[in-house]
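K.L.:
Listed here are the chains, written in short residue letters.
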Amino acid sequence: NAGVTQTPKFQVLKTGQSMTLQCAQDMNHEYMSWYRQDPGMGLRLIHYSVGAGITDQGEVPNGYNVSRSTTEDFPLRLLSAAPSQTSVYFCASSLTRGGTTYGYTFGSGTRLTVV
Amino acid sequence: SQQGEEDPQALSIQEGENATMNCSYKTSINNLQWYRQNSGRGLVHLILIRSNEREKHSGRLRVTLDTSKKSSSLLITASRAADTASYFCAFSQGAQKLVFGQGTRLTINP
Numbered sequence: 007n008a009g010v011t012q013t014p015k016f017q018v019l020k021t022g023q024s025m026t027l028q029c030a031q032d033m034n035h036e037y038m039s040w041y042r043q044d045p046g047m048g049l050r051l052i053h054y055s056v057g058a059g060i061t062d063q064g065e066v067p068n069g070y071n072v073s074r075s076t077t078e079d080f081p082l083r084l085l086s087a088a089p090s091q092t093s094v095y096f097c098a099s100s101l102t103r104g105g106t107t108y109g110y111t112f113g114s115g116t117r118l119t120v121v
Numbered sequence: 015s016q017q018g019e020e021d022p023q024a025l026s027i028q029e030g031e032n033a034t035m036n037c038s039y040k041t042s043i044n045n046l047q048w049y050r051q052n053s054g055r056g057l058v059h060l061i062l063i064r065s066n067e068r069e070k071h072s073g074r075l076r077v078t079l080d081t082s083k084k085s086s087s088l089l090i091t092a093s094r095a096a097d098t099a100s101y102f103c104a105f106s107q108g109a110q111k112l113v114f115g116q117g118t119r120l121t122i123n124p
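Chains as they are written, first to last, in the numbering used here: chain A, 7 to 121; chain B, 15 to 124.
The hints are simulated quantities; they were obtained by calculation from the structure and are not laboratory data. Cβ coordinates follow ideal geometry from the N, Cα and C atoms, glycine included. Treat the hints with care, as some may be off.
Covered stretches of chain B (chain A as the covering partner; in silico rule of three or more C-beta atoms under 8 Å from a C-beta of chain A) [stated by the list, open to error]:
| no. | region |
| --- | --- |
| 1 | 77-91 |
| 2 | 112-123 |
Sample of chain A residues with no beta-carbon within 12 Å of chain B, all distances over it, derived [claimed, not checked]:
| no. | residue |
| --- | --- |
| 3 | Gln17 |
| 4 | Glu78 |
| 5 | Val94 |
Given the sequences, and given the hints that come with them, work out the whole structure.
P.N.:
Written as structure tokens, this is what we have:
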């Protein structure tokens, strides 16, 4: 059972480049989300999805796109990278059952540097 | 900001002592969760307490929730060097979205 898998682990981009951060989970979790973690800022929610075909914005969605075509995958796309997007990105998933909330399972993170 | 606030921001204690971290929030919540993050790693879920619960235990962890004061505390008893990490509270306001606090950096000195 792999849990939540994020790729790549490290990435350096030039300003203006685009890329996709991959996230996959094998736990059949309906809920998936993307956070960014910056020093002194804690974790901030970028986008989330409550199931395949359903996505919504979080606290800091600008500059990022998501899609959820399958239950397993939830990629995060950076449209035109900016230095302000230098951060550590975490994907997380959670089981939802009958309205009951369960704890998140996090991936190991992608450390992104935009130069 | 909707973020939770954690206190203290950093805590350094001797091995074997107890560590207490506090979390406050501003809105009504469905549940509150605590997570641990070792340096450079992802977050690991520790414990979840629902809004109708006041106290919960898991091994050496004890979590309390006071919804009237909009606050929670995490107590780690008999600390060990392996407990050195950052600890985050996170609360759910609805559905599944979690809002995280800024974390407490805990250092256990041998």
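K.L.:
Confirm or reject each hint.
P.N.:
To see whether the hints hold, each was checked on the structure:
1. 77-91: violated (count 0)
2. 112-123: Satisfied; 6 residues make the cut.
3. Gln17: holds, 16 Å
4. Glu78: Its Cβ never comes within 12 Å of chain B, the nearest being 17 Å, so this holds.
5. Val94: violated, 9 Å
Figure legend: structure checked against the earlier numbered hints; hints not met, in rising order: 1 and 5.
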